[in-house]
Amino acid sequence: MAVVRSPKDLIAGLLFIAAGIAAIAIATNYTLGTAARMGPGYFPRILGMMMIVLGAILALRSLRLDGPPLPGWKWRPVLVVLGSVVVFGLIVNHAGLVLSTILLIAMASAASDEFRPKEAVISGILLATLAVGIFVIGLKLQIGIWPGAR
Amino acid sequence: MLGTLIGVLPGIGPVATIAMLLPTTYALQPVSALIMLAGIYYGAQYGGSTTSILINMPGESSSVVTCLDGHQMARKGQAGAALTVAALGSFFAGTVATVLVASVAVPLSELALKFGPAEYFSLMVLGLIGAVVLAHGSLLKAIAMIILGLLLGIVGTDVNSGVARFAFGVPELTDGIGVVTVAMGLFGFAEIITNLESTEKRERISAKIKGFWLTREQFRKAWPAVLRGTGLGSVLGVLPGGGAMLSSFASYTLEKKIAKDPSEFGKGAIQGVAGPESANNAGAQTSFIPLLTLGIPENAVMALMVGAMTIHNIQPGPQVMTSNPSLFWGLIASMWIGNLMLVVLNLPMIGLWIKLLQVPYRLLYPAILLFCSIGVYSINNTNMDIMLTVLFGLLGVVFVKLECEPAPLLLGFVLGPMMEENLRRALLLSRGDPTVFFTRPLSLVMLLMAAGLVLLIVLPNFRKTREAAFQEE
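If you read the sequences in order, they're chains L and R.
Counting from 1, position 2 in the first sequence corresponds to residue 2 in the working numbering; the numbering is continuous, with no gaps.
Counting from 1, position 164 in the second sequence corresponds to residue 164 in the working numbering; the numbering is continuous, with no gaps.
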């Protein structure tokens, strides 16, 4: 890394620029209006421009100022934790709270380095009972308990 | 109660806690719902100090400094004294701050009622700038995060034209993104993931706790610190971006500066516990002032409170006091009662909290994840919200890696629609003349203050002291 001195800032800057460009690109579909009578596209465009400017400063500055290196990235926690929630979201409507909970807990537990399958299943069953008790019976939320109950 | 329970659990900050429990308040009356959330906030605050003292593990950021001396006291066998001082200091600070909130709120909200759209816009600019200047981290990134938040905030149907913006043809997005969704993803999920990444093992000391009473010597040393902490915390709490964390850091620095023997600090000085603990409680209370009187949240927790109010159909701002006095005074009364309860309930129950800490994280985090997921799902009963939360979780992890603070984003997100609306109205009234923000005196003053704050931080001198202050960690 001879040129880039602060990779974190560079990536953040580029991300902000991208977000700004995207915002403006999408906002071109909305009426701009005038300052006195702003259309729905006015405010997003201002914000998009500000994003681009700030992102550019950040990115340029990263070439001059020293910063910490990029930290490592562990894929397992990210994928497993978020993945288990995605699965929960996909099936909760059909499979009901009990099954989705057990599945979520079992899957999510695998993200930890100290994963113990048996323990995960037991805590899944316990938490499923608890969740039904609190949310369905206690708070009367409209969530199906068993598959196809809705 | 519930608040302490969760505050004690390390690895979940107050923001994630409130986001997690927000859905459980739907069934309640608005007043009790908000009181409960406020209670959770104080509880989390207090629970955080318990873990700091006992296992050198701050439950949340405002207790970081309590670790320094509190844990040292525990090592010396003075855990009981440290906990007592934290509880009593917090209670005293809470009482004073509550009185302050009650007395300041009425005149301030009367002032706020005179605000036009231009003033509101400038006030929000000041609030947002203030929030990032006083928080730590890179200023440039923080401002960019605010703007990103503002952009996310305008997702949904435009109130004036009815056009669905940034909805990508997804019907669920036309209603906008929920605060809970954003907060849970950015704070809750991201926190869990980063905690899992760090392989650091937690230290477990089950220090014996005995002797809750302070010696006369300790009492003599502690009470001035409590007074100073309360004063400092009350003032800093009102400032945008202030609140609990800043207050406790500032108080610790102050105590260390004025102590006769600064070398005691870090080795179990009782002032180092008493001051910051009082300050963070006072700050936590007074940070309600801008929210209740102006409708402007000044930190991430308050942003969530706005979300909670909106869910219960309460428009935060000066009108709350006139249109919903029971809510207003209920909240204030709850502050004091909440503090009293904390002292009464928590001191005897410390043993129980320690037991709870023995629960390993590998069992804890899936449960947190579950409660978050059900909570998000139950808001609208759509899977879309869960997917969005996952997306924000991913974004949150990226932000952590890039050292971008997520709190400004949440503030911007909550203020986004309000800011656009006021900007539009101000310019409509002035027929498109942007100088309206500079010709109205109140608005000008606020913008100048905002500019001044930015200048302050750009000036090298101030930057140094700011960095030094945060280095105390």
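Hints in this document: simulated from the structure, not taken from any laboratory.
Remember, predicted model here, so these are calculated numbers, not experimental data.
Note that the Cβ used here is the ideal one computed from N, Cα and C, for glycine as well.
One thing to keep in mind: the hints can contain errors.
To be verified - Label-pair restraints from in silico Cβ distances: (1) R:GLU110 with L:ASN93: 14 to 24 angstroms; (2) L:LEU126 with R:VAL104: 39 to 49 angstroms; (3) L:ILE125 with R:LYS114: 54 to 64 angstroms; (4) L:GLY133 with R:LEU455: 20 to 30 angstroms; (5) L:ILE21 with R:THR439: 48 to 58 angstroms; (6) R:VAL106 with L:ILE125: 47 to 57 angstroms; (7) L:LEU65 with R:LEU456: 17 to 27 angstroms; (8) L:MET49 with R:LEU340: 28 to 38 angstroms; (9) L:LYS118 with R:VAL104: 49 to 59 angstroms; (10) R:GLN315 with L:ALA36: 23 to 33 angstroms.
Tested hints:
1. R:GLU110 with L:ASN93: 14 to 24 angstroms: At roughly 49 angstroms between Cβ atoms, ASN93 (chain L) and GLU110 (chain R) fall outside 14 to 24 angstroms, so the hint is violated.
2. L:LEU126 with R:VAL104: 39 to 49 angstroms: holds (47 angstroms)
3. L:ILE125 with R:LYS114: 54 to 64 angstroms: 59 angstroms Cβ-Cβ, so the 54 to 64 angstroms window holds.
4. L:GLY133 with R:LEU455: 20 to 30 angstroms: Violated: the Cβ-Cβ distance is about 56 angstroms, outside 20 to 30 angstroms.
5. L:ILE21 with R:THR439: 48 to 58 angstroms: violated (34 angstroms)
6. R:VAL106 with L:ILE125: 47 to 57 angstroms: holds (53 angstroms)
7. L:LEU65 with R:LEU456: 17 to 27 angstroms: At roughly 20 angstroms between Cβ atoms, LEU456 (chain R) and LEU65 (chain L) fall inside 17 to 27 angstroms, so the hint holds.
8. L:MET49 with R:LEU340: 28 to 38 angstroms: Hint violated: Cβ distance 51 angstroms, outside 28 to 38 angstroms.
9. L:LYS118 with R:VAL104: 49 to 59 angstroms: holds (57 angstroms)
10. R:GLN315 with L:ALA36: 23 to 33 angstroms: holds (26 angstroms)
Checked against the numbered hints above, the structure breaks hints 1, 4, 5, 8 and satisfies the rest.
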